[in-house]
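Number of protein chains: 2
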Amino acid sequence: MISWKNLDTVKAYEQLKQLKGKVNLADVMAGENGAKRVKEYSVPMAAGMAYNYAAKQVDEDVLSALAELAKEAQLTEKYEALYNGDVINTGEKRLVLHQLTRGQLGNDVVADGVNKREFYVAQQKKVADFANKVHAGEITNAAGEKFTTVVQIGIGGSDLGPRAMYLALENWARQNNTFYMEAKFISNVDPDDAASVLKGIDVSRSLFVLVSKSGTTLETLTNESFVKNALKNAGLDPAKHMVAVTSETSPLAQSKDYLAAFFMDDYIGGRYSSTSCVGGAVLSLAFGPEVFDRFLNGASEEDKLAANPDLRHNPAMLDALIGVYERNVQGYPATAVLPYSQALSRFPAHLQQLDMESNGKSVNRFGEPVSYVTGPVIFGEPGTNGQHSFYQLLHQGTDIVPLQFVGFRRNQAGMDVDIQGSTSQQKLCANVAAQIMAFACGKKDENPNKNFDGGRPSSIIIGDQLTPEALGALLAHFENKVMFQGFVWNLNSFDQEGVQLGKVLAKRVLAHETDGALKEYSDLLDI
Amino acid sequence: MISWKNLDTVKAYEQLKQLKGKVNLADVMAGENGAKRVKEYSVPMAAGMAYNYAAKQVDEDVLSALAELAKEAQLTEKYEALYNGDVINTGEKRLVLHQLTRGQLGNDVVADGVNKREFYVAQQKKVADFANKVHAGEITNAAGEKFTTVVQIGIGGSDLGPRAMYLALENWARQNNTFYMEAKFISNVDPDDAASVLKGIDVSRSLFVLVSKSGTTLETLTNESFVKNALKNAGLDPAKHMVAVTSETSPLAQSKDYLAAFFMDDYIGGRYSSTSCVGGAVLSLAFGPEVFDRFLNGASEEDKLAANPDLRHNPAMLDALIGVYERNVQGYPATAVLPYSQALSRFPAHLQQLDMESNGKSVNRFGEPVSYVTGPVIFGEPGTNGQHSFYQLLHQGTDIVPLQFVGFRRNQAGMDVDIQGSTSQQKLCANVAAQIMAFACGKKDENPNKNFDGGRPSSIIIGDQLTPEALGALLAHFENKVMFQGFVWNLNSFDQEGVQLGKVLAKRVLAHETDGALKEYSDLLDI
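In order, the protein sequences belong to chains A and B.
Plus 2 on top of the position in the first sequence (first one is 1) and you've got our numbering.
Plus 2 on top of the position in the second sequence (first one is 1) and you've got our numbering.
Hints are computed from structural coordinates only; laboratory data are not their basis.
Bear in mind that the values here come from a model prediction, so they are computed numbers and not experimental data.
Treat the hints with caution; some may be incorrect.
One copy or two, it doesn't matter: identical chains are merged, so the pair holds either way.
Unchecked claim - Below, in silico cross-link-like pairs of lysine-lysine (DSS-like), each with a Cα-Cα straight-line distance of 27 Å or less: (1) 509 with 24; (2) 128 with 445; (3) 521 with 445; (4) 446 with 306; (5) 201 with 80; (6) 242 with 521; (7) 95 with 445; (8) 41 with 7; (9) 505 with 452; (10) 128 with 306; (11) 242 with 201; (12) 201 with 186; (13) 41 with 186; (14) 258 with 230; (15) 80 with 127.
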């Protein structure tokens with residue numbers, strides 16, 4: 003029997019609070035004990051990766067308390083309930099089924115009379131068939147020419163995740179001869195966004211993927227019109243250049259304005275939709291359905307690991323609980339995501355949405371205010387770029403910011419150069435290793451301006467190479483981390499009521515139904 | 003006589019702390035009083051812009067206390083000392099002269115026997131002449147063809163600022179027929195970064211701008227070799243495709259490996275170098291020297307406004323002090339930068355460096371630990387994209403995050419579309435107006451999950467259009483804001499000792515001179 007409890011009613015939380023400041027990171031990471039920690043505080047992930055938490059402020063006592071917390075908060079049981087089809091998104095009375103797009107962990111899930119795993123697989127197959135026909139030249143433009151570019155039109159989860167995934171695999175696919183079409187993305191209602199993308203492509207050879215679950219997202223419909231105008235101005239028939247990704251009940255679903263329609267449903271939130279056809283269409287068109295399958299397999303393997311009730315063998319749960327310790331016990335307000343991989347340049351932006359939109363909430367799943375802090379601010383840029391930017395604050399600022407590193411032994415593009423006795427890839431890896439230790443141990447200096455206190459916690463996910471499987475595993479790891487944290491904080495991580503008020507007021511501005519300050523701002527902006 | 007004091011020794015700070023929580027934003031922004039605030043709490047900026055702080059948690063009492071703080075902390079006098087050539091960067095014993103690259107506010111500044119204003123102007127002229135010759139086809143590749151692409155190789159301040167500025171003006175320049183060459187940027191030591199850029203360009207028609215003040219930045223020299231290899235492999239002479247931006251004393255300065263060398267000096271920090279030839283070379287090549295001049299003029303005008311001792315007429319000082327109130331009195335740990343302009347997509351990344359590298363410090367300018375918090379975490383993405391991402395946390399999260407909006411009445415590219423009775427630009431502007439009010443006033447709802455408490459402060463910079471002048475003014479505004487905050491916190495905002503330790507350890511890893519945990523991490527990463 004599952005009991006949904008606030009964090010501050012869980013006994014293990016009291017125990018955990020007693021362990022505030024328990025671990026002196028500079029001490030435990032020094033010498034041979036440090037080496038031992040790096041070996042031991044590591045848990046395997048899918049695709050040959052590992053989550054290493056040696057440089058986190060934990061020891062056996064903290065880990066035991068976290069394991070007790072996981073047990074008392076019934077994290078494994080709640081995950082089971084989720085993948086077996088319980089109504090976990092209580093506010094919107096919806097199932098939460100994104101894991102089912104890439105595998106089935108439990109019972110058959112039937113909703114609205116449909117076996118949902120079969121539904122997702124069928125949609126994925128439809129996407130694969132379509133992509134194969136485009137690549138084979140069976141679906142072409144009116145002149146019989148192959149499409150060379152795919153443009154995703156979507157915003158939020160229909161943009162950030164798929165865009166981050168595309169950028170993550172672009173070099174890999176070129177190098178592995180699975181690169182079929184370049185992908186571009188239009189998201190912002192700022193007309194300069196669409197204008198800029200359209201200027202850089204040959205619209206006659208472009209296929210547009212319109213993504214809106216409801217079929218009513220204002221930014222997306224506006225950008226669709228923008229694109230249709232451009233197609234018409236080029237003497238082209240928009241219906242021969244567009245596909246839709248939407249729900250079966252949306253106005254776009256049966257429209258003749260699209261070459262094809264691929265379906266998602268209400269059980270997959272936007273920020274969790276990269277493994278549904280929201281990500282599937284653009285990624286299958288860009289890299290081929292086989293690559294998308296490999297991406298799904300990586301995610302599916304990671305989902306399985308998240309079902310392990312043993313905290314020490316469950317990377318997502320461990321990451322989640324260490325994060326709760328840092329946020330609620332240690333009191334750190336933000337977390338930085340620092341991939342040492344240029345291919346992951348937009349992965350932090352995806353995680354920003356995933357995490358902050360899921361757990362940036364002040365009421366629990368029953369709508370009652372919580373009296374503890376929840377989701378942190380998430381930000382990040384790729385290393386080594388960040389080192390020459392905001393790392394100053396991370397090393398010597400007055401607030402401690404926990405860090406989440408990601409690194410790979412091998413690069414993707416297969417080009418490298420040897421300078422001063424090492425390759426670029428070696429320099430990249432040397433930097434991330436060095437940073438972990440600099441943050442953890444610091445360095446005493448008699449000049450206080452050059453002194454580093456250390457004691458700044460980090461973890462690192464290490465993989466061999468950023469392959470489709472590794473990317474899928476990374477994506478699922480963070481989805482599952484956020485899910486577990488939502489369970490601990492007793493939140494509904496799957497709605498986003500906080501985005502509604504702004505939409506309502508914006509409509510009022512456009513209808514000129516404003517007064518007071520809102521009218522003043524509208525006037526200042528010439529609306 | 004200037005007295006450098008810690009914030010907690012300034013009397014006005016005690017007074018300010020008494021005003022914690024003084025202003026209920028939802029109350030003061032409601033009704034006609036709200037409208038009055040929007041009209042009154044606005045201060046003109048350069049290029050026809052205005053800084054509007056109506057939706058900040060300030061009133062006449064708070065503003066008076068801030069004015070007193072500004073006076074007691076001698077902000078105007080310190081700025082004067084800076085632009086008159088005092089050694090403000092005490093740690094490195096350097097002058098701080100970035101404002102002098104775009105105008106002269108005070109006395110002649112002579113350093114190392116050189117009038118520095120004349121030096122910066124001369125470098126700028128050298129850049130302009132070179133760019134004009136490239137555009138005119140007087141400087142070409144070996145085959146006599148015009149260069150079509152400029153690629154900046156640099157990291158940190160040699161990348162983030164210039165890249166953000168380039169993206170900010172790309173559409174504007176195309177629309178205004180001042181677009182000469184496309185610009186690309188290589189920064190990360192990850193070899194996939196350079197590989198990816200090189201795959202997308204015609205190297206035979208590309209001009210590379212190598213930017214390193216010291217001439218020793220490892221990432222940049224490594225990427226230079228990467229590029230030189232690519233040029234050689236294409237049968238080209240690298241020396242005919244590269245220019246250097248460096249200091250006169252660097253090994254690059256007199257090298258025959260470059261077509262030309264443009265100089266900066268130690269008095270301009272990387273993150274403050276967009277208006278020096280670090281930004282000047284790439285921006286003049288991309289958009290023409292006239293556009294770069296207009297950009298400098300906007301910055302120069304803004305610098306003049308920052309010299310006004312009257313807080314209520316000094317946008318940068320006001321922004322800085324409200325930020326100090328939010329950070330040190332209200333206790334907010336982060337600030338979000340939210341430009342409603344796709345062209346400013348990388349402006350938040352630039353500000354992240356500018357702010358966090360300048361003021362993310364725990365010791366004052368004399369090297370003594372401070373006992374108050376300093377620079378906040380800075381993050382952001384363009385609206386409306388952010389609305390569909392992390393705004394959930396901003397609206398309903400447990401922490402309050404102050405917001406810095408930017409908006410323009412007109413877009414840049416001159417293309418727009420009318421849907422449901424409004425243009426995209428109107429929708430964009432309606433959204434930012436709506437968000438300010440949603441954050442400030444919230445909305446009561448009996449369903450706590452749909453309830454918005456409001457009380458979340460924001461400011462907005464409103465302009466007519468993102469022109470070169472407006473961009474220069476924006477850049478200078480934030481530089482000056484950060485400078486004033488550094489004065490208030492009594493920091494040296496112009497060094498960055500916090501980035502050193504990681505560099506030292508990375509070298510040790512590459513030399514295989516490691517033991518303990520660092521050796522373990524190195525092994526895990528196959529270095």
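Evaluation of the provided hints:
1. Proximity of residue 509 and residue 24 under a CA criterion of 27 Å is satisfied in neither setting, with 51 Å inside one chain copy and 32 Å between copies.
2. Taking the shortest alpha-carbon separations for residue 128 and residue 445, neither the intra-copy value of 57 Å nor the inter-copy value of 44 Å comes in at or below 27 Å.
3. Within a single copy, residue 521 and residue 445 get their C-alpha atoms only as close as 55 Å, which misses the 27 Å cut-off; across copies the closest is 17 Å, which meets it.
4. Taking the shortest Cα distances, residue 446 and residue 306 never come within 27 Å of each other, neither inside one copy (44 Å) nor across copies (42 Å).
5. For a Cα distance limit of 27 Å, the shortest separation of residue 201 from residue 80 qualifies neither inside one copy, at 48 Å, nor across copies, at 47 Å.
6. Taking identical chains as interchangeable, the C-alpha atoms of residue 242 and residue 521 are never at most 27 Å apart, the minima being 43 Å within one chain and 58 Å between chains.
7. In this assembly of identical chains, residue 95 and residue 445 lie within 27 Å of each other by CA distance solely across copies; the values are 23 Å between and 53 Å within a copy.
8. Taking the shortest alpha-carbon separations for residue 41 and residue 7, neither the intra-copy value of 35 Å nor the inter-copy value of 48 Å comes in at or below 27 Å.
9. In the homo-oligomer, the alpha carbons of residue 505 and residue 452 lie at most 27 Å apart only across protomers (13 Å), although the nearest pairing inside one protomer, at 48 Å, exceeds that limit.
10. Taking identical chains as interchangeable, the C-alpha atoms of residue 128 and residue 306 lie at most 27 Å apart only when both belong to the same chain, with a minimum of 26 Å there against 62 Å between chains.
11. For a Cα distance limit of 27 Å, the shortest separation of residue 242 from residue 201 inside one copy, 20 Å, qualifies, whereas the shortest one across copies, 30 Å, does not.
12. For a Cα distance limit of 27 Å, the shortest separation of residue 201 from residue 186 qualifies both inside one copy, at 12 Å, and across copies, at 17 Å.
13. Proximity of residue 41 and residue 186 under a CA criterion of 27 Å is satisfied in neither setting, with 42 Å inside one chain copy and 41 Å between copies.
14. With identical chains, the CA atoms of residue 258 and residue 230 are at most 27 Å apart within one copy only, with a shortest distance of 14 Å there and 52 Å across copies.
15. In this assembly of identical chains, residue 80 and residue 127 lie within 27 Å of each other by CA distance neither inside one copy nor across copies; the values are 30 Å within and 67 Å between.
The earlier numbered hints that this structure contradicts are 1, 2, 4, 5, 6, 8, 13, 15.
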